[in-house]
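Novice: So you can see what is in the structure, the chains are spelled out below.
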Amino acid sequence: MESPRPPIVVIKDLNKSYRRGSQIIPVLNNISFDIDDGEFLALMGPSGSGKSTLLNLIAGIDKPDSGAISVGGIDITSLSEAELARWRASNVGFIFQFYNLIPVLTAFENIELPLLLTPLSRKERREHVEMALHMVNLSDRMDHYPGQLSGGQQQRVAIARAIVPDPAILVADEPTGDLDKVSARDILELMERLVHELGKTIIMVTHDPRAAEKAHVVRNLDKGVLNNVHT
Amino acid sequence: MFILKFLIRNALRHKLRTSLTVIGIAIAIVAFGLLRTLVGVWYSGAEHSSASRLVTRNAISLIFPLPLSYKDRIRQIQGVKAVSYGNWFGGIYIDEKNFFANYAVEPKSYLDLYPEIVLPADQKAAFIRDRKGCIVGRKLADRYGWKVGDMITLRGSIFPGQWEFVLQGIYHGAEKSTEERVMFFHWNYLNETLKKTAPRRADQVGFYMIGITTPDLTAEVALTVDRMFRNSLAETLTETERAFQLGFIAMTEAIVIAIQIVSYVVIVIIMIVAANTMAMTARERITEYATMKTLGFGARHIAGIVFGESVFIAMIGGTLGALLTFPGARWIETELSQYFPSFSVAPATVYLELLAACLIGVVAAVFPTWRGATIRIAEGLRRIG
Amino acid sequence: MGIPYSYSIRNLWTRRLTTVLTASGMALVVFVFSATLMLAEGLEKTLVDTGSYDNAIVIRKSANSEVQSGVERLQASIIGSQPEVAFGENGQPLLAKELVVLINIPKRGTNKPANVVIRGISASSLLLRPQVKLMEGRMPRPGSAEVVAGKSIAQRFQGGGMGETVRFGMRDWIVVGVFDAGNTGFSSEIWGDVDQLMQAFRRPVYSSVIFKLRDSSSFEEFKTRIESDPRLTLETKRETRYYQDQSEMMAKFLRILGITLTVVFSLGAVIGAMITMYAAVAQRMTEIGTLRALGFLKGSILAAFVLESLFLGLLGGSAGLFFASFMQFITISTMNWQTFAELAFSFTLTVDIAFKSLAFSVLMGFVGGFLPALRAAKMNIVEALRAG
Chain Z
0 MESPRPPIVV IKDLNKSYRR GSQIIPVLNN ISFDIDDGEF LALMGPSGSG
50 KSTLLNLIAG IDKPDSGAIS VGGIDITSLS EAELARWRAS NVGFIFQFYN
100 LIPVLTAFEN IELPLLLTPL SRKERREHVE MALHMVNLSD RMDHYPGQLS
150 GGQQQRVAIA RAIVPDPAIL VADEPTGDLD KVSARDILEL MERLVHELGK
200 TIIMVTHDPR AAEKAHVVRN LDKGVLNNVH T
Chain B
0 MFILKFLIRN ALRHKLRTSL TVIGIAIAIV AFGLLRTLVG VWYSGAEHSS
50 ASRLVTRNAI SLIFPLPLSY KDRIRQIQGV KAVSYGNWFG GIYIDEKNFF
100 ANYAVEPKSY LDLYPEIVLP ADQKAAFIRD RKGCIVGRKL ADRYGWKVGD
150 MITLRGSIFP GQWEFVLQGI YHGAEKSTEE RVMFFHWNYL NETLKKTAPR
200 RADQVGFYMI GITTPDLTAE VALTVDRMFR NSLAETLTET ERAFQLGFIA
250 MTEAIVIAIQ IVSYVVIVII MIVAANTMAM TARERITEYA TMKTLGFGAR
300 HIAGIVFGES VFIAMIGGTL GALLTFPGAR WIETELSQYF PSFSVAPATV
350 YLELLAACLI GVVAAVFPTW RGATIRIAEG LRRIG
Chain L
0 MGIPYSYSIR NLWTRRLTTV LTASGMALVV FVFSATLMLA EGLEKTLVDT
50 GSYDNAIVIR KSANSEVQSG VERLQASIIG SQPEVAFGEN GQPLLAKELV
100 VLINIPKRGT NKPANVVIRG ISASSLLLRP QVKLMEGRMP RPGSAEVVAG
150 KSIAQRFQGG GMGETVRFGM RDWIVVGVFD AGNTGFSSEI WGDVDQLMQA
200 FRRPVYSSVI FKLRDSSSFE EFKTRIESDP RLTLETKRET RYYQDQSEMM
250 AKFLRILGIT LTVVFSLGAV IGAMITMYAA VAQRMTEIGT LRALGFLKGS
300 ILAAFVLESL FLGLLGGSAG LFFASFMQFI TISTMNWQTF AELAFSFTLT
350 VDIAFKSLAF SVLMGFVGGF LPALRAAKMN IVEALRAG
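Protein sequences appear in the order of chains Z, B and L.
The first sequence: position 177 = 176 (numbering that gives the first Met the number 0), numbered continuously.
The second sequence: position 329 = 328 (numbering that gives the first Met the number 0), numbered continuously.
The third sequence: position 215 = 214 (numbering that gives the first Met the number 0), numbered continuously.
In short, the hints are calculated from the structure, not lab data.
Keep in mind the model is a prediction, meaning the values are calculated, not measured.
The C-beta atom is built at its ideal place from N, Cα and C for all residues, glycine as well.
Each hint should be verified, as a subset may be incorrect.
Listed next, with one range per pair, are the computed distances between beta-carbon atoms [stated by the list, open to error]:
id, chain 1, residue 1, chain 2, residue 2, range
1, L, P141, B, F247, 32 to 42 Å
2, Z, D179, B, L323, 51 to 61 Å
3, B, G172, L, S227, 42 to 52 Å
4, Z, R121, L, G294, 51 to 61 Å
5, B, D94, L, D228, 50 to 60 Å
Here are the simulated DSBU-like cross-link-like pairs (lysine-lysine), alpha carbons at most 30 Å apart as the crow flies [said to hold, decoys possible]:
id, chain 1, residue 1, chain 2, residue 2
6, L, K132, B, K96
7, B, K96, L, K150
8, B, K14, L, K377
9, Z, K122, B, K4
10, L, K222, B, K96
11, B, K70, B, K96
12, B, K138, B, K123
13, L, K150, L, K251
14, L, K251, B, K138
15, L, K377, L, K297
16, L, K297, B, K96
17, B, K195, L, K222
18, L, K60, B, K194
19, L, K251, L, K60
20, B, K131, B, K146
21, B, K131, B, K107
22, B, K131, L, K60
23, L, K297, B, K195
24, L, K111, L, K251
25, B, K107, B, K138
26, B, K80, B, K70
27, B, K70, L, K111
28, L, K297, B, K14
29, L, K377, B, K96
One chain only, chain Z, in its complex shape (with noise of 0.2 Å):
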């Protein structure tokens, strides 16, 4: 799929090696790619290729040893821990394998948690807390807390987590990993109504083929290399 618009996420000779006590492990080996605004992309390859540590340095929760990544026009890799933070917290949406929800708070709270750290009112927290939920259709569950849900429940909460602050992009980490197949379908499901009713860019590690599918675009990572198939 083509857009007129400039790409959303610009990846140029990104290196990233993790020190292992003594040992050197090479992870990424100078990847350079675009994602565009409004793809849904999907990161696939073995176990060990550097699918999650390349999430993990596009969402900002990691610093690669050499190379650029722009996020929204931002170079992200020349920002501090601080800056970063803050950053994170408007621009990038995270959806986990194991959801992360915080068992000591409702999924109301859970999802308002982001927006704790604007300077929004309580009845504006809540006005898009309440309409995230509607989006993932758990507007019933609102005062449950993670124990009571279900794995499905869970992740939309997650989700809904994820959307609240309408961040630049979303990035999931095997978010259909840990769900039984109908639930797996669900979350899909939804994830493909975030691209195409809300214009959400999607970047999904995973390796569930069928997760694959409904990707727009699919790249491989092998051993820190990275190579193209289309859908």
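The hints should help you fit chains B and L onto chain Z, whose structure is shown.
Specialist: This is chains B and L only, laid out in the frame that chain Z set:
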């Protein structure tokens, strides 16, 4: 407020763990408070003694007496308003376990020097009239159920024999802190008896109490008295009542210091336990902290959450401990009365207890806070399952 | 088949920080526990060793100590003529009439005064106390203003050292010797000629009469006779018993204080152990489920976790005991409440105390670990496997 709500819910996550920690802290705080009170009781004698009354005793040591003849010579020193005298009697009431102080004193002058001993006028008159009379403090009377008119018998240890007294009055202290567990009787009764049974020991006093006209003359008068009797048969040592008491306490200082140290040790022990708890809790929640960081919360926020929970739990334990200190003190007062007839908790102790609890909460949180706040997000997220 | 104990030990090693923290808490508790017992033991030992079982001491009736006591010359002579008195090699009775008073001497360094015992001795006094050995110098000459000082006095008090001078009774007294009485109360005393001291203090009566029993078992007979004699207002005890009574109040106080504190502390440590073990169980749920699925019995699980907790206690207890043993280098010097006299004693570690301390720490481990271990053992296998 969100933070408070969050803290409370987090604390209630592991009800068992939180309750155990709270109980542990409460116990430690009670022990701390009671030990501090013990130290306070030790020094209380000195604190409430006067800095404007002087005690004169034999310079060699307390067990040597002074001649009665010194009285008139002391009386004539400039600056001396009044002189009284007496002996530590050391009598035993039935059993060594029933320990209380008893003195033979010159009644009129002694009571004049001690306005804080308050006695109804008729009882005072009766006591002064009756050579075999005695007065006791209210707490002592309550302890043994004595009433005016009762006969009290003491077995002498320093002055042997069975000594009988008639209770003529029960005094109470002018202030809350005044000693109310002492018995006083006539010095003349002791002396007249000694003249008959052990004449060599008669006409001798254990100490002189001196009242000064103005407080700034204390040092001068003390020196004058001692100078007057230097190189005589019984040299004197004169100091303020407070200095005298402090000197006494200093002799058992080692024990008091040990108790003070122990009171801090108890806090350290519970700090270790609390630190362990917080470390475990924080470790279990690393992923949550990492998640919140991904959402944009900073190290500052995470620190606040960890610190907040720790201090919150610690303060609950501290408050519980502070409340329990009072019944604990009362138990000591009744059960261990032979060692501690008076054991009341000062307000300062309560503040100190709460402060200690706060400190426990803070220290216990230091390491987990540092860990949680500085965790690299990617690492924290990876620690799932 | 049981779970090998290396499982328990290795698990402690894996969670090192928690193990160290919990064990430290217990170590501190055991430290206080053993230190207190050592202190009371040291106090009692000092005073008990101070006397000999075969010596009898005679003081005035109802006097609680020699200081309060007064024995008239006539009464002392009567005691001297009793058949129970043993005789020495040179035919002299092994009996000493002594004077005991307290004087105030400032300590070296702090200048704070303390009450020191001065004992007027006679010829047989040294013979009656075989624990006392002259270290330096000589015994005072009768009729002279000379004294000998116990080691503790020479070290701690101004003017108490060899060749120095102590002033009291309007005279200066030269220290011509220092004696070593081991850990006994005598080390905190100054001795001089009894007649000289009686003169100096203007005391015409003795404080006590001490003699060696010719036949140790004849003491009771002696006691009955003396105490029922209306002429004599005296009482007698075996020397060991006399000194033991002197420390009774203080030793009791130290013990009560120590035990109470330790019980309170131990609650804290036990709670710490409980929290740790509960967390350990929670963290290893899958592991436990796996072990059960493999066929290990509930009892084995219980034993393994209890064992872990016992090791924790033992670790803490050993550390605490180890550090407490260093307290033996410290000497406490304080005033004995019953006698008002200065007393120096040190912490004494005995096998009994060491054993009690370790047993206590293991007990703490057991109490702290039992309930969590029970939870581990009763876990439902399926739920456990599904967790985490």
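Novice: State for each hint whether it applies.
Specialist: Hints, one by one, checked against the model:
{"no.": "1", "hint": "P141/L to F247/B: 32 to 42 Å", "in the structure": "36 Å, holds"}
{"no.": "2", "hint": "D179/Z to L323/B: 51 to 61 Å", "in the structure": "52 Å, holds"}
{"no.": "3", "hint": "G172/B to S227/L: 42 to 52 Å", "in the structure": "45 Å, holds"}
{"no.": "4", "hint": "R121/Z to G294/L: 51 to 61 Å", "in the structure": "57 Å, holds"}
{"no.": "5", "hint": "D94/B to D228/L: 50 to 60 Å", "in the structure": "25 Å, violated"}
{"no.": "6", "hint": "K132/L to K96/B", "in the structure": "37 Å, violated"}
{"no.": "7", "hint": "K96/B to K150/L", "in the structure": "34 Å, violated"}
{"no.": "8", "hint": "K14/B to K377/L", "in the structure": "20 Å, holds"}
{"no.": "9", "hint": "K122/Z to K4/B", "in the structure": "18 Å, holds"}
{"no.": "10", "hint": "K222/L to K96/B", "in the structure": "24 Å, holds"}
{"no.": "11", "hint": "K70/B to K96/B", "in the structure": "35 Å, violated"}
{"no.": "12", "hint": "K138/B to K123/B", "in the structure": "18 Å, holds"}
{"no.": "13", "hint": "K150/L to K251/L", "in the structure": "27 Å, holds"}
{"no.": "14", "hint": "K251/L to K138/B", "in the structure": "25 Å, holds"}
{"no.": "15", "hint": "K377/L to K297/L", "in the structure": "7 Å, holds"}
{"no.": "16", "hint": "K297/L to K96/B", "in the structure": "54 Å, violated"}
{"no.": "17", "hint": "K195/B to K222/L", "in the structure": "28 Å, holds"}
{"no.": "18", "hint": "K60/L to K194/B", "in the structure": "20 Å, holds"}
{"no.": "19", "hint": "K251/L to K60/L", "in the structure": "24 Å, holds"}
{"no.": "20", "hint": "K131/B to K146/B", "in the structure": "16 Å, holds"}
{"no.": "21", "hint": "K131/B to K107/B", "in the structure": "14 Å, holds"}
{"no.": "22", "hint": "K131/B to K60/L", "in the structure": "24 Å, holds"}
{"no.": "23", "hint": "K297/L to K195/B", "in the structure": "84 Å, violated"}
{"no.": "24", "hint": "K111/L to K251/L", "in the structure": "27 Å, holds"}
{"no.": "25", "hint": "K107/B to K138/B", "in the structure": "22 Å, holds"}
{"no.": "26", "hint": "K80/B to K70/B", "in the structure": "13 Å, holds"}
{"no.": "27", "hint": "K70/B to K111/L", "in the structure": "29 Å, holds"}
{"no.": "28", "hint": "K297/L to K14/B", "in the structure": "26 Å, holds"}
{"no.": "29", "hint": "K377/L to K96/B", "in the structure": "53 Å, violated"}
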